[in-house]
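Q: Protein chains in written order, with the UniProt record's numbering: chain G, 1 to 391; chain E, 1 to 354.
These aren't lab readings, by the way, just hints derived from the structure by calculation.
Only true hints are included.
Calculated Cβ distances over 12 Å to all of chain E for the following chain G residues:
no., residue
1, TRP126
2, VAL171
3, TRP199
4, TYR232
5, ALA236
6, PHE250
7, ARG311
8, TYR316
9, LEU320
10, LEU324
Taking beta-carbon pairs under 7 Å as the criterion, some of the chain G residues facing chain E (in silico):
no., residue
11, ARG40
12, VAL51
13, ARG63
14, SER362
To be clear about the criterion: a stretch of chain G counts as covered by chain E if any three or more of its residues have a C-beta under 8 Å from a C-beta of chain E, and this derived list gives those stretches:
no., region
15, 27-38
16, 42-49
17, 72-86
18, 137-149
Small disclaimer: the values here were computed from a predicted structure and weren't measured.
All residues carry an ideal CB built from backbone N, CA and C; glycine is no exception.
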Amino acid sequence: MHDETMASGVYLPEIGAAAERPVVNSRTLQFHGNAEDYFRIWIVNVALSLVTLGIYSAWATVRTRRYMYANTCLGGSPFDYLARPLPILKGRLLTALIFGIYALGGQFFKPAQFAAALLIAAFMPWMIVKSLMFRARYSSWRGLRFYFTDDYAGAYKWYLGVYFLMGIPLVAMGASSLTGHPIFGALLCVIGMIALYPWIKGNQQQWMVENHHFGGKSFKFNGDMGSYYSIYGLAALVALAWFMPTTGLFGALSPLLKGQINAHTKLPPISFVLAVYACMVPLYLGVWTFVHTRMTNMLYNQSQLGTYRFRSTLAYWPMLGIYLTNGLAVLCTIGLAMPWARIRMARYRAAHLEVIGGGDLSDFVRDAFSHGDIGATATELDSLLGIDIGL
Amino acid sequence: MVPATYFDGRSTRATPVSVWREEAMLRWRTADRLLEWQAPLQAIEPSAGVIGLPYTLRLVDGAHLQIEHDQLPDDWFPRHHRLERLVDWLERRWPAALAGIAVIVVALAGLFEFGVPWAADRIASHIPSSLENAMGTRSLAALEGHLLLPTTLTTRQQAHYQAVFQRFVQNMHDLPEVRLHFYKAPAIGANAFAMPGGTVVFTDELAKALPDDEAFIAVIAHELGHQAHHHMMRQVLRGSGVFIVAGMLMGDVTSLGGITAGVPTFLINAHYTRGFESDADRFAFDALARDGIDPVAFVHAMQALQKAHPGLNEVEKDLRYVSSHPMTVERIAQANKASQAFRAHATGKTTAAR
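Taking the hints into account, I'd like the entire structure generated from these sequences.
A: This is the structure:
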């Protein structure tokens, strides 16, 4: 999650004011990093982290992340990553402890693991706020830091509360099955989900953008919920379009595999498992990339900071191509292509994000928000548990 | 004079300046010399050097100077970031990067071959047996009624096997409390396995497939090997260790997704299991020999198993690298070797007695 922070994060600084000038400038983000340098930085830091049994990993994280941040420039000035290694190290140790309890708890006492999972779910919105605060707090541009409001109530509302709303269609389905209309109930459930999900996603974006601040100004979000319905509607069509060739491919492969399925063993042969993966991965990636690309564009295109607007022009096919080739390259090199993959992605993302506005980006001022330190644990925890904050 | 950009920390205005050092002071001014600033070197916090990145010199009031990469004179801040200076030196060199790959391979291999097993086994030796028993009871309860059904062996057959089992166990030392349970398991077929806490599960199908009592004892001896060395608990702890270590590695070093993490975790766990199986086999050969039984009984048991699972050989070709058990052929070869040693020893003793 973090590696793409700079390119995908919300904290793009903008300038306000200077409305007198009718000239509207468009500035594209620039990414200057290169895979050769980043590879050496990455590999040396991974090696040092392993040799020191993870202690050095906090320093490694700061260095590699700084490389990505400081190579991303807007208006000729780089972004900067300011987090300190020691708080990250402490957060990491705490995370390892929690993770260990979770992993072991399941072996001895299942309810413990279940309780831990519930607890994590209950704390999820809190962690989302904490990690967004941490990331914003330690991202800066031209000496000013970003800031994320500690809006816990909003987080619980949009990242936990609304999911209970999704229970309503489920209850409705149960109720109508009981009264003898199961098909009607299922229909009701699907309609309910379709009606709710894009609305939830849109509001999550709005909440996230509007709690970010930079240079004395708050990000504004012109949330138009209708566009989210069209994104997810199109996504369903994309899924359908991917589904047909996938089933075709699988249908063509299965006679070849049938001979290999051994009647005496319950386990399918490896070639069969691999074939299923080969068919499923493009389907999954094809749909996920579509949603991700459109949602990222939507996020920036509806955001505003002062008089500045953003334009994100990520396109589906190039993004899919990058994800596919990156994935293949990383797999084939057992991970060694990871730096190259990250650099490519950051470069593409930067090149497709513009900041549009009349000023010269020099009119932001230090804001009045408190600049206290924020612990790194939440960020570490959610990076480990792989929660995507929805960007 | 070094070119730099000055940011006052209160706004995003960028001011191009020239910086120079005068003794313990750093001074900078604009090109038109209208504005000039200064700060003691001591009060400035420079950023650590990273290849290609500009240096940031942070001043106490939140302002900073940005100096292009490699234009910062070495003697300005010689005492800062000593560790990271060394890291930076390494990061600039391809030989260091190549050495890094080698270090990673060796470190990962060492970690998973020795580090995780060592730590897990240390912890396992401190785990109270009550916890191990609880684990076994829980796992057994989860299987009973689904995969494990009530046995269909006659009371006489059961009594016979239990008697053989008890006699064999009595002659062994250093064994935790063990018990033998029979189950009918059509879904599993001929098999036997050890549960944490001393229970050995034996399926009716296996009992019927085995040719004689010696083959039965051979299987029992193998399972007792698992019990004697607490393999189940150690496997659980090692598996959790791999899970935690892999999670930490994936979480922040490589950020690979969960799917890619699953494959190596699975392979490493299979590797540990294989080690435990060979260990239990060795234990069985020794136990059989000590009891005066030719380890060839183990070969008979393996052959009976193969007959009960005719598909096994073909699958093995497929699964050679991921199988959790050593290959049957290898195990039979080991058993035959143990049998030869047993016979040579027996002959030697007989000769000596004469």
